[in-house]
Amino acid sequence: LFDENENLKKDLDKLRSEMNELQKTANEEKAKALAKAESERQRLLRDLQKEIKQLYHDLNERTQQLDEAHVKLQVILICFSWCLMNVCRMRTGIRC
Numbered sequence: 013l014f015d016e017n018e019n020l021k022k023d024l025d026k027l028r029s030e031m032n033e034l035q036k037t038a039n040e041e042k043a044k045a046l047a048k049a050e051s052e053r054q055r056l057l058r059d060l061q062k063e064i065k066q067l068y069h070d071l072n073e074r075t076q077q078l079d080e081a082h083v084k085l086q087v088i089l090i091c092f093s094w095c096l097m098n099v100c101r102m103r104t105g106i107r108c
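One point on numbering: in the working numbering, the residue at position 52 of the sequence shown is 64, and numbering is uninterrupted.
FYI, nobody ran anything at the bench for these hints, they're computed from the structure. Check each hint, because a few of them may be wrong.
Computed Cβ-Cβ distance ranges for the label pairs, DEER-style [what the hints assert, rightly or not]:
(1) 73 x 49: 35 to 43 Å
(2) 30 x 52: 28 to 36 Å
(3) 74 x 44: 54 to 62 Å
(4) 57 x 22: 50 to 58 Å
(5) 63 x 30: 43 to 51 Å
(6) 72 x 52: 29 to 37 Å
(7) 43 x 21: 31 to 39 Å
(8) 55 x 16: 53 to 61 Å
(9) 50 x 30: 53 to 61 Å
(10) 77 x 99: 28 to 36 Å
(11) 46 x 23: 30 to 38 Å
(12) 71 x 32: 37 to 45 Å
Straight-line alpha carbon distances no greater than 30 Å define the calculated DSS-like cross-link-like pairs of lysine-lysine that follow [stated by the list, open to error]:
(13) 36 x 62
(14) 65 x 42
(15) 42 x 26
(16) 62 x 44
(17) 22 x 48
(18) 36 x 48
(19) 21 x 36
(20) 36 x 65
(21) 84 x 62
(22) 36 x 26
Note that the Cβ used here is the ideal one computed from N, Cα and C, for glycine as well.
Please model the complete structure; the sequences and the hints are all you need to start from.
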């Protein structure tokens with residue numbers, strides 16, 4: 013009975029040791045997975061920031077082009093109005 017009890021204690025110690033080793037391995041794998049997920053999250057964040065920066069750059073360019081087009085349109089409208097007044101003046105002799 014004493015030998016059987018000793019064998020059971022050894023088996024129990026062996027199982028505890030194996031269980032601790034499995035827990036340690038599981039914790040290491042979990043830490044690796046978390047580190048990998050964090051790395052991927054940071055990469056995605058950098059990619060999104062880069063894309064947002066490019067979108068703002070494009071928006072600024074297009075806004076500048078639109079502003080330039082508005083200025084050109086204003087110049088054209090002023091010239092058209094001036095020409096129309098001159099044509100009116102020439103035809104009627106009256107100031108328009």
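Quick one, are residue 84 and residue 62 close enough, alpha carbons at most 30 Å?
-> violated (33 Å)
Using the Cβ atoms, figure out if residue 77 sits within 28 to 36 Å of residue 99.
-> The hinted range 28 to 36 Å holds for residue 77 and residue 99, with Cβ atoms some 32 Å apart.
Range hint 53 to 61 Å (beta carbons of residue 55 and residue 16) holds or violated | Distance hint for residue 55, residue 16 holds at roughly 58 Å.
Would the pair residue 42 and residue 26 pass a check requiring their Cα atoms to be no farther apart than 30 Å?
-> holds (24 Å)
Does the Cβ-Cβ separation between residue 73 and residue 49 fall within 35 to 43 Å?
-> holds (36 Å)
Hint says 28 to 36 Å; check whether the CB-CB distance for residue 30 and residue 52 agrees.
-> With Cβ atoms ~33 Å apart, the hint holds.
Is residue 62 within 30 Å of residue 44, Cα to Cα?
-> holds (27 Å)
Starting from residue 22, check that the Cα of residue 48 is at most 30 Å away, please.
-> Judged against 30 Å, a Cα distance of about 39 Å means the pair is violated.
Could you see if the CB distance from residue 63 to residue 30 stays within 43 to 51 Å?
-> holds (49 Å)
Pair hint residue 36 and residue 26, alpha-carbon separation not exceeding 30 Å | Roughly 15 Å between the alpha carbons, so the hint for residue 36 and residue 26 holds.
Hint check for residue 44 and residue 74 - Cβ pair distance inside 54 to 62 Å | The hinted range 54 to 62 Å is violated for residue 74 and residue 44, with Cβ atoms some 45 Å apart.
Pairwise hint evaluation, residue 62 against residue 36, where the allowed Cα distance is 30 Å at most = violated (39 Å)
In summary, the structure is inconsistent with hints 3, 9, 12, 13, 14, 17, 20, 21 from the numbered list given earlier, while agreeing with the others.
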